[in-house]
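This is what each chain is made of:
Number of protein chains: 2
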Amino acid sequence: MPYRAPTSEYTFLFDAVVGFDQLAATDRFAEATPDLVTAILGEAGRLCDDVMAPLQRSGDLQPAHLENGVLRSSPGFPEGWSAIAEGGWVGMNAGTDHGGMGLPLTLATAVNEMMAGACLSLQLAPLMSQGQIDALEAHASDQIKEIYLPKLISGEWSGTMNLTEPQAGSDVGALRSKAEDNGDGTYAISGQKIFISWGDNDFAENIVHLVLARLPDAAPGSKGISLFVVPKFLPDENGNPGRANNLKVVSLEHKMGLHGSPTCVMQYDGATGWLVGEPHAGLAAMFTMMNNARLGVGGQGVGAGEGAYQHALDYALERKQGRSASGAIVDHADVRRMLMEMKADLFASRAVLLSCAHAIDMHAATGRADHAARAAFLTPIAKVFGTETGMKVSETGVQVYGGMGFIEESGAAQYYRDVRVTAIYEGTNGIQAMDLVGRKMLDGGEAAYALIDEIETLAESARSNHPNMTDRLWQANEALREATDWLVTQEDMQNRFAGALPYLRAFARVLGGYYHLRAAVADPEGPRAKLARFYMSRLLPEYQGHLAAATAGADGTFALSLDELRA
Amino acid sequence: MPYRAPTSEYTFLFDAVVGFDQLAATDRFAEATPDLVTAILGEAGRLCDDVMAPLQRSGDLQPAHLENGVLRSSPGFPEGWSAIAEGGWVGMNAGTDHGGMGLPLTLATAVNEMMAGACLSLQLAPLMSQGQIDALEAHASDQIKEIYLPKLISGEWSGTMNLTEPQAGSDVGALRSKAEDNGDGTYAISGQKIFISWGDNDFAENIVHLVLARLPDAAPGSKGISLFVVPKFLPDENGNPGRANNLKVVSLEHKMGLHGSPTCVMQYDGATGWLVGEPHAGLAAMFTMMNNARLGVGGQGVGAGEGAYQHALDYALERKQGRSASGAIVDHADVRRMLMEMKADLFASRAVLLSCAHAIDMHAATGRADHAARAAFLTPIAKVFGTETGMKVSETGVQVYGGMGFIEESGAAQYYRDVRVTAIYEGTNGIQAMDLVGRKMLDGGEAAYALIDEIETLAESARSNHPNMTDRLWQANEALREATDWLVTQEDMQNRFAGALPYLRAFARVLGGYYHLRAAVADPEGPRAKLARFYMSRLLPEYQGHLAAATAGADGTFALSLDELRA
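Sequence order for the protein chains is S and A. Going by full-length UniProt numbering, the first sequence opens with residue 1, and the numbers climb by one from there. Going by full-length UniProt numbering, the second sequence opens with residue 1, and the numbers climb by one from there.
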């Protein structure tokens with residue numbers, strides 16, 4: 001049951017739903033013509049189908065491991081990385097100054113998601129490099145850029161991000177790693193970092209770590225953190241990997257899934273590093289990296305869900321059981337329901353993801369604040385909705401397989417195990433939701449209302465052709481507006497936080513309806529409209545439950561004492 | 001982080017929610033006094049806490065395996081089985097004629113769930129025996145009962161059920177295993193069976209297989225299936241294990257979870273068996289076994305969820321992160337929300353489970369048809385709600401742990417992996433839902449309306465003391481009534497089936513509200529009422545989304561062609 005990258009889905013979304021043509025109309029992305037987009041998607045699709053998808057099981061069955069302190073990646077992964085690097089896919093969104101393709105993030109997001117569906121473990125490696133490239137482009141000195149960016153973009157070197165420490169997870173400000181000035185423009189970095197994805201590999205010439213640490217005079221908390229670039233091998237005068245740095249992989253975690261991707265405990269013992277950006281401004285720089293990474297993780301969720309859907313559908317078409325039109329289980333109503341839910345949710349979450357990327361691109365191309373605000377607002381939604389869809393779809397995929405879904409050989413279980421981490425890393429989904437109702441609504445909800453207004457406008461203009469669907473969406477959107485009114489007037493932030501994730505889920509549900517309606521408008525008699533109707537009648541209505549929870553306030557959430565919780 | 005069996009939760013549920021006193025008022029269960037119940041729960045709790053819980057990780061890390069065709073169970077499992085057997089827990093619900101305790105199923109369900117929370121893999125072994133004991137008590141000849149029941153009840157022997165074949169899963173009627181009359185009162189059984197839980201072990205003297213097979217003159221489909229008892233060792237004239245039968249374990253499945261429980265491929269090559277019940281009436285006999293097993297699997301879901309909740313709560317109390325009242329993450333609003341949802345859902349699903357068992361017991365004690373109808377109606381709901389709660393709670397448990405949840409050492413991931421199968425075996429959750437809206441509503445919805453009327457009555461009587469909660473419940477219940485009206489008038493069964501699982505979920509949500517309200521009535525100012533309010537305001541409202549999907553009909557579900565699903 002091979003994986004087929006959903007290239008035509010992207011073409012449709014670009015054309016009919018997220019407005020890719022607006023990007024191509026800017027100077028910055030003028031080269032991103034429909035022909036180029038088609039060519040890129042086709043080329044990336046072949047990489048996914050032919051090179052990456054065959055590695056999916058190998059990564060699970062033969063995990064990355066340490067041999068005498070040396071990391072050995074799963075069989076085929078080095079060749080897979082080479083193919084990704086040689087295709088230019090690591091640097092597709094990077095600036096052309098240092099060898100990147102300079103493509104819109106919207107297109108890069110699509111390619112990343114396709115790669116995630118093919119082989120999530122391997123795809124995480126270029127995703128980490130991309131985040132690092134973003135951060136260095138935005139914050140590093142020209143000298144550092146010259147040394148690192150060309151190698152990272154070409155894939156000769158790979159990148160990691162080092163935030164977490166045992167006592168500092170979601171609360172990054174609690175980290176203790178130290179940086180001391182060596183007086184020669186370098187710093188000595190010491191400390192332990194955990195949960196470092198692809199902290200080492202056997203396919204890049206050099207591994208470049210971006211490490212958060214504290215300078216001696218640093219303030220406590222998140223305002224005293226600086227960012228350093230700390231390579232595994234110190235570049236020599238020609239920029240080639242030279243002497244080994246004082247850092248090592250201590251151990252690998254034994255994880256529930258994503259076995260092909262080594263999760264490292266890293267030890268820095270006075271390792272040589274260079275400051276990126278200003279002293280004590282490391283968290284802001286790291287957030288550049290994390291913002292795009294959050295979008296990337298949302299894409300991992302959707303990608304894994306796509307893989308799970310394709311496998312489940314293939315099984316449902318093949319598996320004969322009971323009496324039905326075709327004899328296959330796909331003709332049983334409950335199985336068909338599951339497949340339709342999977343497909344409708346994948347469409348919705350993918351559209352949110354691409355709309356977020358589109359806003360980021362439009363901001364990059366125009367500098368307009370409204371695009372920046374939309375990008376900031378959609379980022380946590382894209383992360384949560386993408387990863388929750390990935391979990392839900394992969395869980396449903398196991399269910400479609402029945403008993404075989406619990407057997408590892410079917411591959412269905414791997415999607416379910418692998419995708420689970422996406423709701424956790426790059427900021428747990430709870431943290432994302434707090435970001436949404438906190439920081440992202442400090443504007444009084446302006447970005448939220450802009451979307452709600454836009455949805456209302458579409459619902460009204462599409463009403464005559466799609467009365468039933470638009471009525472449902474209009475009602476949901478009005479309920480969302482009322483909940484937003486309630487939320488932005490809550491002075492006690494606990495009231496927002498206690499309903500944060502339900503509010504995010506409701507917003508995602510309504511956004512999904514918005515994009516489904518756009519698809520229906522573009523294809524009013526065809527399968528897009530049919531899928532949209534299914535979504536509006538069966539999935540959109542979930543917003544009601546979410547909004548009830550979103551506006552219930554914090555009192556009930558904290559009603560039980562700790563002893564009562566324990567009882 | 002030890003597991004503590006939730007004995008006081010059961011005491012409360014028995015006393016205040018499910019009406020255990022009605023059972024004790026019958027002749028049949030007159031001995032089940034409050035003192036006895038307390039003693040039983042205490043004794044079982046100690047077994048769970050001290051003996052079974054320590055085996056949870058060992059089963060995962062050192063799975064059952066075959067050594068030269070001989071099954072070796074996980075370390076400590078043989079001792080665990082002995083403790084279960086010696087405590088009399090295998091036969092707690094079995095008749096006293098053959099050594100059972102004759103306890104109400106309501107109490108046995110509680111004990112089974114506690115054991116499932118302690119160690120799901122091991123608990124599956126006695127659960128299988130219990131199902132077999134039920135089937136033999138109901139259908140076997142006196143001679144078979146005399147030989148098998150005392151040994152099964154004492155735990156000297158263990159039992160399995162053999163239904164599934166590679167081509168016959170949910171469609172049991174497609175099975176091909178053969179039984180030929182040996183002319184001496186025995187039959188020669190031949191065929192391959194798959195997914196046989198605990199198909200062998202190294203702790204029982206004998207393994208008794210109940211096997212479905214076809215006699216030579218059998219009709220095709222499910223009307224031509226007979227049930228046979230096929231022991232691993234043929235009993236000698238004294239009833240002791242004698243000559244080895246012609247059957248073997250071919251292989252074990254490599255599963256996502258539940259590693260401590262071996263899932264066997266069994267081969268029968270003219271194995272000697274004895275007919276149980278009438279020829280060609282095997283499916284009915286097997287359904288006796290499966291009915292209680294479905295309830296048992298619902299309890300597995302709740303039990304695993306309880307284990308996941310306790311671990312997540314312990315972690316949330318210990319893990320310091322960020323700024324909060326205690327410094328621990330339990331004081332973060334989103335973490336508290338997760339824990340409250342877990343606790344509220346565990347209460348609701350446990351109450352449904354016990355109410356179902358209570359109806360079965362009341363039918364056994366009184367023979368009244370209304371109790372039988374209620375038991376039949378609640379069984380699929382208890383199975384689905386229990387297992388979906390187990391999945392949701394264990395998924396949330398992983399989330400509470402954050403990054404550590406994805407690391408196997410934390411134990412959170414094991415609950416998530418293990419519990420996943422409960423939504424599949426003993427009839428997938430989709431099959432359960434079809435049973436509910438199909439067979440279980442052939443009465444025109446009588447059993448459904450009886451519950452809905454009962455809920456309405458409580459909502460009205462409790463209104464003055466709990467106006468807000470009862471309003472919410474009353475509205476949900478009326479919406480459920482309307483959806484039920486719609487459902488029972490659908491002549492086209494596809495319309496019912498396409499909404500079957502959402503309908504079941506809505507019914508479960510409303511039932512959960514019903515039992516929470518009962519708890520609040522019993523404890524109007526205390527933690528029970530607080531938890532009930534949380535449930536009513538935040539979880540009950542999910543019924544709206546479910547009912548929308550339940551009544552959307554089949555047209556939209558089948559709107560896409562197979563090619564369009566694939567596109």
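Accuracy of the hints is not assured; some may be wrong.
Capping the alpha-carbon separation at 30 angstroms, the derived lysine-lysine pairs in DSS-like fashion look like this [stated by the list, open to error]: (1) S:Lys-320 <-> S:Lys-178; (2) A:Lys-320 <-> A:Lys-223; (3) A:Lys-320 <-> S:Lys-178; (4) S:Lys-145 <-> S:Lys-178; (5) A:Lys-248 <-> A:Lys-178; (6) A:Lys-178 <-> S:Lys-392; (7) A:Lys-248 <-> A:Lys-320; (8) S:Lys-178 <-> S:Lys-223; (9) S:Lys-178 <-> S:Lys-248; (10) A:Lys-145 <-> A:Lys-178; (11) A:Lys-248 <-> A:Lys-392; (12) A:Lys-223 <-> A:Lys-248; (13) S:Lys-223 <-> S:Lys-145; (14) A:Lys-320 <-> S:Lys-320; (15) S:Lys-320 <-> A:Lys-223; (16) S:Lys-223 <-> A:Lys-178; (17) S:Lys-392 <-> S:Lys-320; (18) A:Lys-145 <-> S:Lys-320; (19) A:Lys-320 <-> S:Lys-248; (20) A:Lys-145 <-> A:Lys-223; (21) S:Lys-248 <-> S:Lys-223.
Derived from the structure by calculation, the hints contain no laboratory data. Predicted model, so just to flag it, every value in this text is computed and none were measured.
Hints, verified against the model:
The suggested pairing of Lys-320 of chain S with Lys-178 of chain S is violated, with an alpha-carbon distance near 61 angstroms, which exceeds 30 angstroms. Only pairs whose Cα atoms come within 30 angstroms are accepted, and Lys-320 of chain A paired with Lys-223 of chain A is rejected, the gap being roughly 61 angstroms. The hinted pair formed by Lys-320 of chain A and Lys-178 of chain S meets the criterion: a straight-line CA distance of about 21 angstroms does not exceed 30 angstroms. A distance of roughly 24 angstroms separates the Cα atoms of Lys-145 of chain S and Lys-178 of chain S; the hinted pair therefore holds under the 30 angstroms criterion.
In summary, the hint linking Lys-248 of chain A to Lys-178 of chain A is supported, as the alpha carbons are separated by about 16 angstroms, within the 30 angstroms threshold. For the suggested pair Lys-178 of chain A and Lys-392 of chain S, the alpha carbons sit about 40 angstroms apart, so the restraint of at most 30 angstroms is broken. This hinted pair does not check out: Lys-248 of chain A and Lys-320 of chain A have alpha carbons roughly 53 angstroms apart, beyond 30 angstroms. Restraint check: the Cα-Cα separation between Lys-178 of chain S and Lys-223 of chain S comes to about 14 angstroms, which is no more than 30 angstroms; the hinted pair holds.
Distance check on the hinted pair: Lys-178 of chain S and Lys-248 of chain S sit about 16 angstroms apart at the alpha-carbon level, within 30 angstroms; holds. Restraint check for Lys-145 of chain A and Lys-178 of chain A: satisfied, since their Cα atoms lie roughly 24 angstroms apart, inside the 30 angstroms limit. A hinted pair counts as satisfied when its Cα atoms are at most 30 angstroms apart, and Lys-248 of chain A with Lys-392 of chain A does not qualify at roughly 37 angstroms. Proximity of Lys-223 of chain A to Lys-248 of chain A is assessed by CA-CA distance (about 28 angstroms); at most 30 angstroms being required, the pair is judged to hold.
Taking the CA atoms of Lys-223 of chain S and Lys-145 of chain S, the gap is near 25 angstroms; set against the 30 angstroms cutoff, the hint holds. Our distance criterion of 30 angstroms between C-alpha atoms is broken by Lys-320 of chain A and Lys-320 of chain S, whose separation comes to about 52 angstroms. Simply put, Lys-320 of chain S and Lys-223 of chain A have alpha-carbon atoms about 20 angstroms apart, close enough for the 30 angstroms limit, and the pair holds. Distance check on the hinted pair: Lys-223 of chain S and Lys-178 of chain A sit about 75 angstroms apart at the alpha-carbon level, beyond 30 angstroms; violated.
The straight-line distance between the Cα atoms of Lys-392 of chain S and Lys-320 of chain S is roughly 25 angstroms, inside the 30 angstroms bound, and the hint therefore holds. For the proposed pair Lys-145 of chain A and Lys-320 of chain S, the alpha carbon gap of about 38 angstroms is over 30 angstroms, so the pair is violated. Taking the CA atoms of Lys-320 of chain A and Lys-248 of chain S, the gap is about 27 angstroms. The hint holds against a cut of 30 angstroms. For the given pair, Lys-145 of chain A sits about 25 angstroms from Lys-223 of chain A by alpha-carbon distance, which is consistent with the 30 angstroms threshold.
Among the hinted pairs, Lys-248 of chain S with Lys-223 of chain S is consistent with the structure: their alpha-carbon atoms are about 28 angstroms apart, no more than 30 angstroms.
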